[in-house]
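Visitor: Spelled out, the chains give:
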Amino acid sequence: DVKVTQSSRYLVKRTGEKVFLECVQDMDHENMFWYRQDPGLGLRLIYFSYDVKMKEKGDIPEGYSVSREKKERFSLILESASTNQTSMYLCAISRLASNNEQFFGPGTRLTVL
Amino acid sequence: KQEVTQIPAALSVPEGENLVLNCSFTDSAIYNLQWFRQDPGKGLTSLLLIQSSQREQTSGRLNASLDKSSGRSTLYIAASQPGDSATYLCAVPYGQNFVFGPGTRLSVLP
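These protein sequences, in sequence, are chains X and G. Each residue of the first sequence is one higher than the one before, counting from 59 in my numbering. Each residue of the second sequence is one higher than the one before, counting from 2 in my numbering.
Just so you know, these hints were derived from the structure itself, not from any lab. In this text, all values refer to a predicted model and were calculated from it rather than measured experimentally. All C-beta atoms, glycine included, are put in the ideal place defined by N, C-alpha and C. Heads up, a few of these hints could be off.
List time: in silico SDA-like cross-link candidates among lysine to any residue, alpha-carbon distance up to 20 Å [claimed, not checked]:
{"id": "1", "chain 1": "X", "residue 1": "Lys71", "chain 2": "X", "residue 2": "Glu120"}
{"id": "2", "chain 1": "G", "residue 1": "Lys43", "chain 2": "X", "residue 2": "Tyr68"}
{"id": "3", "chain 1": "X", "residue 1": "Lys113", "chain 2": "G", "residue 2": "Gly96"}
{"id": "4", "chain 1": "X", "residue 1": "Lys111", "chain 2": "X", "residue 2": "Asp84"}
{"id": "5", "chain 1": "X", "residue 1": "Lys115", "chain 2": "G", "residue 2": "Asn98"}
{"id": "6", "chain 1": "G", "residue 1": "Lys43", "chain 2": "X", "residue 2": "Asp59"}
Here are some of the chain G residues that sit facing chain X, going by a computed Cβ distance under 7 Å [as the list claims (entries may be wrong)]:
{"id": "7", "residue": "Gly44"}
{"id": "8", "residue": "Leu45"}
{"id": "9", "residue": "Leu50"}
{"id": "10", "residue": "Ser54"}
{"id": "11", "residue": "Asn98"}
{"id": "12", "residue": "Phe99"}
{"id": "13", "residue": "Phe101"}
{"id": "14", "residue": "Pro103"}
Based on the provided sequences and hints, a complete structural model is requested.
Guide: Next up, the structure:
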């Protein structure tokens, strides 16, 4: 079974705090993704990574950064959290091949007060 | 640019009915199409992956079809149950990323 875990299911932070969301996989998949999901806006890609130390911006990278020091771990960093970053954050993985299937973690519900 | 739409946005049916969810995409040059289920407050669970060379894929009471030429996929759910209540999303690869539909929210009433 594919396993993608996220560090927290629920998180409450204050405006201005630095926030770390972590995603860990046990499937040796090359690609890792961070999305946020908001009502009426669907899933939006923040960043993705196709290899260690490699990262690519998605559709909404502003206010976020990422880190991938090991293949199995992909971190999303909110340098200075703001209330408009309150959202559901979803991590996903896939293989590099073109017939790739995507697998998701359980999600982190982040509330910024 | 690839765009994915899903119709209907929401659907409510009585238990036991067979139903069809629709997914449309604008660029037919896809490698595969994936259907997901999402329960409230949870992540996405992969249901079915149809490769571009396939026309259908089945898992239990679920059957997904793919017609690349018309840019459409359907998810057929047989003998629906209250436990099938969830949001169903489809997605297609786009480069190294994926494009998701907005989802269909399904309610199966006991």
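Visitor: The structure should be examined with respect to each hint, and the outcome stated for every one.
Guide: Going through the hints against the structure:
no.	hint	verdict
1	X:Lys71 <-> X:Glu120	holds, 19 Å
2	G:Lys43 <-> X:Tyr68	holds, 11 Å
3	X:Lys113 <-> G:Gly96	holds, 15 Å
4	X:Lys111 <-> X:Asp84	holds, 18 Å
5	X:Lys115 <-> G:Asn98	holds, 11 Å
6	G:Lys43 <-> X:Asp59	holds, 18 Å
7	Gly44	holds, 4 Å
8	Leu45	holds, 4 Å
9	Leu50	holds, 5 Å
10	Ser54	violated, 9 Å
11	Asn98	holds, 6 Å
12	Phe99	holds, 6 Å
13	Phe101	holds, 5 Å
14	Pro103	holds, 5 Å
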